[in-house]
Amino acid sequence: MKATVLVRPKPGILDPQGEAVESSLRQLGFAVEGARIGRVVDLELEDGDPEHARAELERMCEQLLANPLIESYEISVAPR
Amino acid sequence: MSERPRPRIAVVVFPGSNDDRDAALALASLGADPQLVWHAEPALPDVAAVVLPGGFSYGDYLRCGAIARFAPVMDAVSRFAAEGGLVLGICNGFQVLCEAGLLPGALRPNASLSFVCRDVPVSVERADTPFTSRCEPGQRLTVPVKHGEGCYFADGRLLAHLEANGQIALRYEDNPNGSIGDVAGIVSEAGNVFGLMPHPEHAVDRLLGSSDGALVLGSLVDAAREHALAPA
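Same order as they appear, the protein sequences are chains X and W.
At position 15 of the first sequence the residue is numbered 0 (the working numbering), and the sequence of numbers has no breaks.
Take any residue in the second sequence, count from 1 to its spot, add 2: that is its number in the working numbering.
Since no wrong hints were added, every one of them can be taken at face value.
One-sided excerpt, in silico: chain X residues whose CB lies under 8 Å from chain W:
no.: 1; residue: ILE(-2)
no.: 2; residue: LEU(-1)
no.: 3; residue: LEU49
Residues from chain X that keep clear of chain W, each with C-beta distances beyond 12 Å, as calculated:
no.: 4; residue: LYS(-13)
no.: 5; residue: LEU(-9)
no.: 6; residue: ARG11
no.: 7; residue: LEU30
no.: 8; residue: ASP34
no.: 9; residue: ARG44
no.: 10; residue: GLU59
no.: 11; residue: ILE60
no.: 12; residue: VAL62
no.: 13; residue: ALA63
No lab work stands behind these hints, which were simulated from the structure alone.
Cβ coordinates follow ideal geometry from the N, Cα and C atoms, glycine included.
Okay, chain X solo, but in the shape it has when bound:
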């Protein structure tokens, strides 16, 4: 089963990477009002049960993939 985790800096957390990209996009002439940079983790799971997989992914995020103090996360499990 495939799953994807999106990890984002929480609102209000300074994201200098996003700011640098925003200003570069502006220099290119794009009308950008904000850019925030997170990370994508694509996972291949042994699990066959989406409910169980989701619970496991939640634990993965809390324990390693995200730092809950500064990052939020979003889990999606690919339909079979």
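Put chain W on the given structure of chain X with help from the hints.
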């Protein structure tokens, strides 16, 4: 007077650590007996303190310190800290301590997005910790920083808690990385774990610009010696 005992202090070596030997040399020059301990060791040798050195443990993959916290030796370090053992994390070591939950807060990319590598002035907010006892309250130390991700973050509630508890032991006088509250170093609530971004081990000889780092590491050596002499 006979020579004072040299307390044993572990310096943990992760794959990607690069200030381990500097830390060991500095500790030895200040009267300690440093022991390099490989990250894969399941236990610590009999030591009076532990230092997590600077570097780029595990390539700083995912987040700085996020992978190092799973090193086998870190379970032993966590137990050591929980029992009141003295633990000092420098730069990457500070990041590891935050990721491991041994210190509160997190370290983020510098606000400038630039790697900063220069001497910075820091002021001693707490001179009554095992890591700063050789300093005077309010004393200005000049110690180098060299990091890309040293921007300390705590949310408003945590920061207020740290301030009220006096856990901010060192503050930047000229904030090099955007750290909230100008935090350069914090101690744990119990006071036996200390993390800082500046590198005291690179400032132990005036030939290298400053010897102020010796005040921090020397304080640790003093505390470790007392600990080693105390009856078990």
